[in-house]
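Asks: Given only the sequences and the hints, what does the whole structure look like? Please build it.
Order-wise, the sequence lines are chains A and B.
Counted from 1, the first sequence has number 44 at position 44 by my numbering; the numbering is strictly sequential.
Counted from 1, the second sequence has number 121 at position 121 by my numbering; the numbering is strictly sequential.
Hints are computed from structural coordinates only; laboratory data are not their basis.
Here a beta-carbon is modelled for each residue, glycine too, at the ideal position from N, C-alpha and C.
Errors might be hidden in some of the hints.
Said to hold, decoys possible - On the chain A side, residues computed to face chain B include the following (Cβ under 7 Å):
{"no.": "1", "residue": "LEU14"}
{"no.": "2", "residue": "THR20"}
{"no.": "3", "residue": "ALA26"}
{"no.": "4", "residue": "GLN39"}
{"no.": "5", "residue": "ALA207"}
{"no.": "6", "residue": "GLY210"}
{"no.": "7", "residue": "THR213"}
{"no.": "8", "residue": "LEU217"}
{"no.": "9", "residue": "SER293"}
{"no.": "10", "residue": "ALA309"}
{"no.": "11", "residue": "SER311"}
{"no.": "12", "residue": "TYR312"}
{"no.": "13", "residue": "VAL316"}
{"no.": "14", "residue": "LEU345"}
{"no.": "15", "residue": "ASP348"}
As the list claims (entries may be wrong) - Chain B residues, not near chain A, derived (Cβ > 12 Å throughout):
{"no.": "16", "residue": "GLU170"}
{"no.": "17", "residue": "GLU251"}
{"no.": "18", "residue": "ALA255"}
Each chain, written out:
Protein chains: 2
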Amino acid sequence: MRVEIVAVGTELLLGQIVDTNSAWIAERLAAIGVDCRYQTRIGDNVTRIAGVLEAALARSQAVVVSGGLGPTPDDVTREAIAQVMGVALEMDEEALAGVERALRARHREVSPSNRRQGEVPVGARIIPQRGGTAPGLICPVGEGAIYAVPGVPTEMKEMVERAVLPGLRERSGEPATIMSRVLRTWGAGESVVAEMVGPRLAALDAAGDGAPTIAFLARGLEGVQVRITVKAVSADAGREVLDREEAELRELLGAYVFGVDEETMAMHIGSLLSARHSTLAVAESYTGGLIASTLVAAPGASAWFRGAAVSYASEVKRDLLGLGPGPVVSAAAAAEMANAIRRLLGADVGLATTGVAGPDSQEGMPPGTAFAGAAFPGRGSEAVGFEILGDRQRVRELGTMESLDWLRRHLEKAE
Amino acid sequence: MRVEIVAVGTELLLGQIVDTNSAWIAERLAAIGVDCRYQTRIGDNVTRIAGVLEAALARSQAVVVSGGLGPTPDDVTREAIAQVMGVALEMDEEALAGVERALRARHREVSPSNRRQGEVPVGARIIPQRGGTAPGLICPVGEGAIYAVPGVPTEMKEMVERAVLPGLRERSGEPATIMSRVLRTWGAGESVVAEMVGPRLAALDAAGDGAPTIAFLARGLEGVQVRITVKAVSADAGREVLDREEAELRELLGAYVFGVDEETMAMHIGSLLSARHSTLAVAESYTGGLIASTLVAAPGASAWFRGAAVSYASEVKRDLLGLGPGPVVSAAAAAEMANAIRRLLGADVGLATTGVAGPDSQEGMPPGTAFAGAAFPGRGSEAVGFEILGDRQRVRELGTMESLDWLRRHLEKAE
Chain A
1 MRVEIVAVGT
11 ELLLGQIVDT
21 NSAWIAERLA
31 AIGVDCRYQT
41 RIGDNVTRIA
51 GVLEAALARS
61 QAVVVSGGLG
71 PTPDDVTREA
81 IAQVMGVALE
91 MDEEALAGVE
101 RALRARHREV
111 SPSNRRQGEV
121 PVGARIIPQR
131 GGTAPGLICP
141 VGEGAIYAVP
151 GVPTEMKEMV
161 ERAVLPGLRE
171 RSGEPATIMS
181 RVLRTWGAGE
191 SVVAEMVGPR
201 LAALDAAGDG
211 APTIAFLARG
221 LEGVQVRITV
231 KAVSADAGRE
241 VLDREEAELR
251 ELLGAYVFGV
261 DEETMAMHIG
271 SLLSARHSTL
281 AVAESYTGGL
291 IASTLVAAPG
301 ASAWFRGAAV
311 SYASEVKRDL
321 LGLGPGPVVS
331 AAAAAEMANA
341 IRRLLGADVG
351 LATTGVAGPD
361 SQEGMPPGTA
371 FAGAAFPGRG
381 SEAVGFEILG
391 DRQRVRELGT
401 MESLDWLRRH
411 LEKAE
Chain B
1 MRVEIVAVGT
11 ELLLGQIVDT
21 NSAWIAERLA
31 AIGVDCRYQT
41 RIGDNVTRIA
51 GVLEAALARS
61 QAVVVSGGLG
71 PTPDDVTREA
81 IAQVMGVALE
91 MDEEALAGVE
101 RALRARHREV
111 SPSNRRQGEV
121 PVGARIIPQR
131 GGTAPGLICP
141 VGEGAIYAVP
151 GVPTEMKEMV
161 ERAVLPGLRE
171 RSGEPATIMS
181 RVLRTWGAGE
191 SVVAEMVGPR
201 LAALDAAGDG
211 APTIAFLARG
221 LEGVQVRITV
231 KAVSADAGRE
241 VLDREEAELR
251 ELLGAYVFGV
261 DEETMAMHIG
271 SLLSARHSTL
281 AVAESYTGGL
291 IASTLVAAPG
301 ASAWFRGAAV
311 SYASEVKRDL
321 LGLGPGPVVS
331 AAAAAEMANA
341 IRRLLGADVG
351 LATTGVAGPD
361 SQEGMPPGTA
371 FAGAAFPGRG
381 SEAVGFEILG
391 DRQRVRELGT
401 MESLDWLRRH
411 LEKAE
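Replies: Here it is in structure tokens:
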């Protein structure tokens, strides 16, 4: 089945906000095996929205349109859909009740413009609102359908998951449940990951139609993700296939895999530390607090994260961390800093970074030269060097991920 | 004049990457007064790209298309444009020389697939490449034109600024130079900023056609931006109008303005500190390193930033910063921490944060309770409290900006 994505809003055309909704919807469609060939962004104009919807329905079986369902006069997606359906708008009591309920919950009046949000093209069904005020719409047009959802990302996502994806699956005549799992990797580029997984891809290709599919997504600082998607007759059966496939891929990817689904690098490090009842302290130079703030983003970090020292000035490294007289940008300094911060903050494990973010060189070392050090209870300290390409911001960001990944591999080995 | 924006790439349709190029181009078009009604995303398919370009040229005078100019077989934007122009591709010696030069600079071979990047539709002009390998293309189609640029954001931006915008201005028959300036504000929402500027907006409206225009952009953690755009006969005349208009707006916006154009909050704080030859040290609790990493993102931060302590565990606050026995989440603790970090890292100014990021309460305080403290040479210390709405990540991010803004206002007053 083929589905198009349309985003409505003059602010999108002016570049005032980036359309992240369409990419999110596109990824969810791809995950359930729906084909998407065109995505369009269009302003708040009835004629042009209707024109785009008609063109989309001529090429595809369904359209998901986000935005333009608000209460203000420039929100005209409802009117455009009614025009495409060749029907009038009428007040839907259930939709109106939902609008009133949502506004009352926020202690706000129901103005005449809010009442517009209860209007629905004749023949359309509503997707009842849970978070926001606007209901979604499911609008049959001949053999096809238009699914309209609000532009607010949280409301859009909730309605797409709850009503649009199940509806599209049903329309596609696909009786099976589609489930997916993501393996998160760090340390290899997309093409290298794809190569490692090559043998399994070939085996799945040979197995033919019922087999799981594998897709690769390069996610920048979140690493390369490997998504397994299966069609199954039940959730239990699907989970079983996903478990088996995850095991096959882990066999090939080894220590490159650091997390599953929503598990970030920081969450994974947190659970490794928690499992051994250990705490962590960090000394940061060129990463400038980015490691600490990445770790703290993991919920429950206070159970295992003691704190960090950002020793940006070299004298601070010497005074606070007691660093000796040698060069500051060196493996030895990284190891020494890791030991020092561990003792200073009373943590079990110490992690340290030192390096040159640029644009200028430091101690004769070019930008991108970076070291990480780690200190463990009863095992002394170790250090590693990286050469990172990119501008100042990129060196700090990649250095943060490389250092955390290096620590993660240490903790995994020690398990 | 009307221009459409087209983004090419199957990875966009799969939602693997978000199309930020189109929003960026849209904003630049809006800034030079060009109207944009449709934006389309399309996969790497000659027929469909050609179809979208033809539809766009039927509605608008020009199209800016990004992506699909790479060396691999799926990069077919060149072929699609040639099809729309009804011409063949031919090797362009200048374009090929540019490709070869770019590859040699990276010590890479020129493969046959790279040579494809030197092919140009007959009748098109190239935009010589500066950063990447692919040249851009300027392709006349009847009365209209297609401007093709690479999908890599840095290359795209450079070519749009250098060749596409000037070309479009010329096509629009607009003899004037269009210039703009952005005032960055923090501390008031978009509608409040618009209200403050209201009197000036009214005056400009009354002044009519030749007057500068004002636009508002809510930029999340970068604050609300006020963009002034003028048409002028020369760059000097334009600058003069911008200077005058900036002064008018600063009169109305007062201390809400923290920066101009590309100047971030961190850069502004850095220049305030540099001007008084002062250094800064930071003690962070719930912000967890985000203040330090925000500051360090400013080029040249080593001149004024000493470092930071992230005292995530309460004991670290007591041991490292010598915090007394009272509550940790309090104005008194924030002030004490600011004093302590100033002394500990040998800085002139100390900034500290303490608060509850959530999801759990702490010391009976709900998530979003936050304090900032600052200590200055010879002036003791001060603290302020914030109530921040949102989840854990948002509390940390907004808390970072609120604390930096508070420090910025202190430093400005003391000037």
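Asks: Could you work out which earlier hints the structure fails to respect and list their numbers in ascending sequence?
Replies: Structure breaks hints 5, 6, 7, 15.
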